[in-house]
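Hey, can you work out the whole structure from these sequences and the hints?
Protein chains: 2
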Amino acid sequence: MSELIRVAVDAMGGDNAPVATVKGAVEAVAESNALKVFLVGKKEVLEKELSAYSYDKDRIEIVNATEVIEMAEPPVLAIRTKKDSSIVKAMYMVNHGEADAYVSAGSTGATLVGGQIIVGRLKGVDRAPLAPLIPTEKGNSLLIDCGANVDARANHLVQFAKMGTVYMENIMGIKNPTVAIVNIGAEEEKGNALVKETFPLLKNCPDINFIGSIEARDIPSGYADIIVCEAFTGNVILKMYEGVAKSLVNVIKKGLMSSLKSKIGALLIKDDLKKTLGNYSLEKHGGAPMLGLKGLVVKTHGSSSDIEIKNSILQCVTFTEQKISEKISAKISQV
Amino acid sequence: MSELIRVAVDAMGGDNAPVATVKGAVEAVAESNALKVFLVGKKEVLEKELSAYSYDKDRIEIVNATEVIEMAEPPVLAIRTKKDSSIVKAMYMVNHGEADAYVSAGSTGATLVGGQIIVGRLKGVDRAPLAPLIPTEKGNSLLIDCGANVDARANHLVQFAKMGTVYMENIMGIKNPTVAIVNIGAEEEKGNALVKETFPLLKNCPDINFIGSIEARDIPSGYADIIVCEAFTGNVILKMYEGVAKSLVNVIKKGLMSSLKSKIGALLIKDDLKKTLGNYSLEKHGGAPMLGLKGLVVKTHGSSSDIEIKNSILQCVTFTEQKISEKISAKISQV
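Chains A and B are the protein sequences, given in the same order. Residues 1 to 335 in my numbering are what the first sequence spells out, letter by letter. Residues 1 to 335 in my numbering are what the second sequence spells out, letter by letter.
These are calculated hints, taken from the structure and not from any lab test. Mixed in with the good hints, there may be bad ones.
It does not matter which identical chain is meant; a pair holds if it fits inside one copy or across any two.
Simulated crosslink set (SDA-like; lysine to any residue; CA at most 20 Å straight-line) [said to hold, decoys possible]:
no.: 1; residue 1: K123; residue 2: S258
no.: 2; residue 1: K246; residue 2: N140
no.: 3; residue 1: K270; residue 2: I252
no.: 4; residue 1: K190; residue 2: G120
no.: 5; residue 1: K253; residue 2: G139
no.: 6; residue 1: K36; residue 2: Y223
no.: 7; residue 1: K275; residue 2: N250
no.: 8; residue 1: K254; residue 2: S221
no.: 9; residue 1: K253; residue 2: G222
no.: 10; residue 1: K196; residue 2: I252
no.: 11; residue 1: K327; residue 2: P75
no.: 12; residue 1: K246; residue 2: N204
no.: 13; residue 1: K253; residue 2: L267
no.: 14; residue 1: K190; residue 2: A72
no.: 15; residue 1: K43; residue 2: G173
no.: 16; residue 1: K190; residue 2: P74
no.: 17; residue 1: K138; residue 2: V251
no.: 18; residue 1: K275; residue 2: V249
no.: 19; residue 1: K23; residue 2: Y55
no.: 20; residue 1: K196; residue 2: V150
no.: 21; residue 1: K138; residue 2: I252
no.: 22; residue 1: K327; residue 2: S259
This is how it looks when you write it as structure tokens:
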């Protein structure tokens, strides 16, 4: 057997922790032989939770951490002061080479800050973006950056395009994936100062498949594989996805209660509609990777169930097996 | 009879011009006695189109303009060189006091540039934002700015909040409307440099009802009446509305074809669904006003029908009767 891929899980993070984190870890280990999981958190809590399952004892280990960083805590302060928290301890395991990857459904802020400060960036990487997959009519696109580096500069966005290309090629298996920059019009001369500065740099970048600007209205149709933008914009895009979809479904449901005819129709479409909306959901895709770090950091949403925790952990296996960090280093250092 | 409110319509602008612009003008004049419309464009074309209708000859007048600014033309150049275009001529009518307001379904860029350069800003107004109404679960919110001033500064955003307040109070009849700034988190310390600078200014502004940050996911639910943001962000929000809604409807339609049961259901819900989606559509709201100018400039979308042209023209009547420009001037000059 080759060496195991070691994933440090913030077992205390997320709305459903520790139930979902422990169950997700057990399921992940059952599904992949290449994996070892460290459950980082309050020892007695995790031992009790874990005692309900049967699993390969060599491949799940509890690492005690007595503190928990809450969702609302200011991230920088929390990372600095709560040295014995599950987030900080799990991140140091990656930094010290005791784990290859980190997964958390806890505080996004603390994970983003800890990723940059504790795990640390790969040599040559100036900023590490958070890059979730978003659903489109054609499948998925990678939104990079969706929240890690507000007020990024043009050269950062070029690095995002390169890192996104490595991810989509090697994890999603898309050959020569298309890259577009979010803009307020399709023409090259449009945009704010950042986009105007970044556009020619992307255009002249030889090792990406840059196809120009993308207007936000064309993102959900799947016009480009990699959507490059500054983090504030990316966060707005991600949250508009969530907000518009939720609101529209509410409005449709209400509308279908307005006549007997459509009430009956609603009953008939219920199952297929649920399946369709499930496929289009942001949550299906599990965790968002933070790229460009010395190990993989995966942030999965706060309400993650065991399935999403499991998928996020399994993502770490592919990521490590595919040597994404090494490939990112190589691509970033190309001129 | 009191003095008529005079609206200069870019009769050549939009996908359906001049059919929709002429028909919309005839309908608007029939609906409001307080109105006079100038149809600006190619005289012979408009005369021919207008000859099909019966209308009050004193209240629709053709103003000849021999050129047309196309959608794809670079706006600044077009405004400078096509002096005899329908857009430039109609805007000069407002600037010269021959018209109170301007309506166009043509080039957005040329309308935005012309608004600032030709119509001109009210004294004290630093930037004139484009402010469409967007549909929410509760009704409408005003999105300000959605595309006129990329890279705006903090003091501009404060003016947008004030102008939006005047609009929502006087046009939409909302007493003490709530104002929120688009941010990537709800906490005061979150945000990019612009938001961090703007937040305390809005908080200390005595004559608006500022309720703090709004995350993009809460915009469609109707959390705030006035959504303040920089134009690049606003444009992304507006276009995500359009894109996600369109994509989701496509995905749902496709999903409903996946079984016989839901195919039958789909037939039953068809009418109510169409009505519901129509109510939630961005297009229902007609034109977006550009606020803070010496006369009202309304930009309605390129595919406007006669109904939307009519509604945009009638909006000018309310706007002028309510003396919005005077009220904006007064509010902007308050400290």
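Here is how each hint holds up against the structure:
1. K123 - S258: Neither: 60 Å inside a chain and 49 Å across chains, both beyond 20 Å.
2. K246 - N140: Both, since 19 Å and 17 Å are each at most 20 Å.
3. K270 - I252: The answer is both: 12 Å in one copy and 11 Å across copies each meet 20 Å.
4. K190 - G120: neither (35 Å within a copy, 22 Å between copies)
5. K253 - G139: between (25 Å within a copy, 16 Å between copies)
6. K36 - Y223: neither (38 Å within a copy, 45 Å between copies)
7. K275 - N250: both (16 Å within a copy, 14 Å between copies)
8. K254 - S221: Between copies, since 14 Å is at most 20 Å while 26 Å is not.
9. K253 - G222: between (26 Å within a copy, 17 Å between copies)
10. K196 - I252: Intra 39 Å, inter 37 Å, cutoff 20 Å: neither.
11. K327 - P75: neither (30 Å within a copy, 43 Å between copies)
12. K246 - N204: neither (39 Å within a copy, 33 Å between copies)
13. K253 - L267: Classified as both: same-chain Cα gap 11 Å, cross-chain 16 Å, threshold 20 Å.
14. K190 - A72: Between. Shortest inter-copy distance 12 Å satisfies the 20 Å Cα cut-off; intra-copy 38 Å does not.
15. K43 - G173: Answer is neither: 39 Å inside a copy and 58 Å across each miss the 20 Å cutoff.
16. K190 - P74: Between copies only: 10 Å across chains, 37 Å inside a chain, cut-off 20 Å.
17. K138 - V251: Between copies only: 10 Å across chains, 25 Å inside a chain, cut-off 20 Å.
18. K275 - V249: both (13 Å within a copy, 14 Å between copies)
19. K23 - Y55: within (11 Å within a copy, 74 Å between copies)
20. K196 - V150: both (17 Å within a copy, 11 Å between copies)
21. K138 - I252: between (23 Å within a copy, 14 Å between copies)
22. K327 - S259: neither (57 Å within a copy, 44 Å between copies)
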